[in-house]
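Generate the whole structure from the sequences, applying the supplied hints.
Taken in order, these protein sequences are the chains called A and B.
The numbering of the first sequence is UniProt numbering, which starts it at 1 and goes up by one.
The numbering of the second sequence is UniProt numbering, which starts it at 1 and goes up by one.
Identical copies carry no separate label here, and so any pair may be met within one copy or between two of them.
For lysine-lysine, the following DSS-like pairs were computed, each having C-alpha atoms within a straight-line distance of at most 30 angstroms:
no., residue 1, residue 2
1, K51, K65
2, K121, K51
3, K51, K124
Just so you know, the hints here were simulated from the structure itself, not pulled from any lab data.
Here is what each chain is made of, one letter per residue.
Number of protein chains: 2
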Amino acid sequence: MGRWEPGAGGRLREAALSLFVERGFEQTMVNDIAERAGVTARTFFRYFADKREVLFDASAEVEEKALAALEAAPATASALELVAAALDAAADVIGQDRGLARKRHTVIMANADLRERELSKLAKISAELADALRRRGVGDAEAAIAAEAGAAVYRVAFQRWVDAEGGDLDLRGALQAGFAQLRTLAAPRAG
Amino acid sequence: MGRWEPGAGGRLREAALSLFVERGFEQTMVNDIAERAGVTARTFFRYFADKREVLFDASAEVEEKALAALEAAPATASALELVAAALDAAADVIGQDRGLARKRHTVIMANADLRERELSKLAKISAELADALRRRGVGDAEAAIAAEAGAAVYRVAFQRWVDAEGGDLDLRGALQAGFAQLRTLAAPRAG
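Rendered as structure tokens:
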């Protein structure tokens, strides 16, 4: 999510997320963020269009990398494997800094508008993955189910990762475990 | 969704949905709805708290029936079978009138606030299904994945049903087909 970036952009992101957690998103002003990061408000606006952008500016990069990974996957990959490859690439971006991801998640969950915006962003990514599957010849309903089921696995893995104590679990690992669980759940049962 | 109800409530629902489609949700006033249904605004408020309630008042019933079906399922049912039973009960309520379901869907998709509200209602139902699975002893992450994957299948089935030309496909049938597809997608592939 660009979260590892050095310099003013990274400091502004860190400052914004900390203030959103401490004071609430609504109560935090751009001036407060700039002040904590030790820059001017004008510098803030060189990096972000507004304070909400701090939370959502990574969407485009995540989407792009996810779609590129799907398109780069071998022709023999199944629909669910293609989705798993796409989400693995998304997790690679998002999973870089759990501290910041956790703050972002806390802020979004505490605000109905942000929550609903996040849900619709996730729905949009899922729709784009389904379209990418269709372009690779996957049937219409099958593409939708694979993309939506993959998004479901992602959400659960993300929650596990964000909630986990200690540093053993990484987001990509949680995602892979989730896909394995989905396979087990959907398998015909013995007996 | 109470959509089959006779009398003033049913007429008001029908009138509201038709007006929302024709004029847009924002542009439709309670007075317009009452007038088209041939009742007074006061009668409207005996049935609905406000115009948005016309779109969302079925949530409680759908949730309740879904949870009851999950709880009534046999102890031998797998986590995904429990979710399928719950969603079958939801589809039984929602699937009664495709014409109204389609209008409702059109209205919601055309308005960002309504769309985001719908997404968060669906997320809430999914969280409740996961909790119900946990109460039946399903593991934490497994419960979340089963509920979210089930919700994914439901959304795709709903879309297919709403979009289908002609009357062959019913919502419960689309849902069953979706679960079968999920099983196929998640199955280990031969070769």
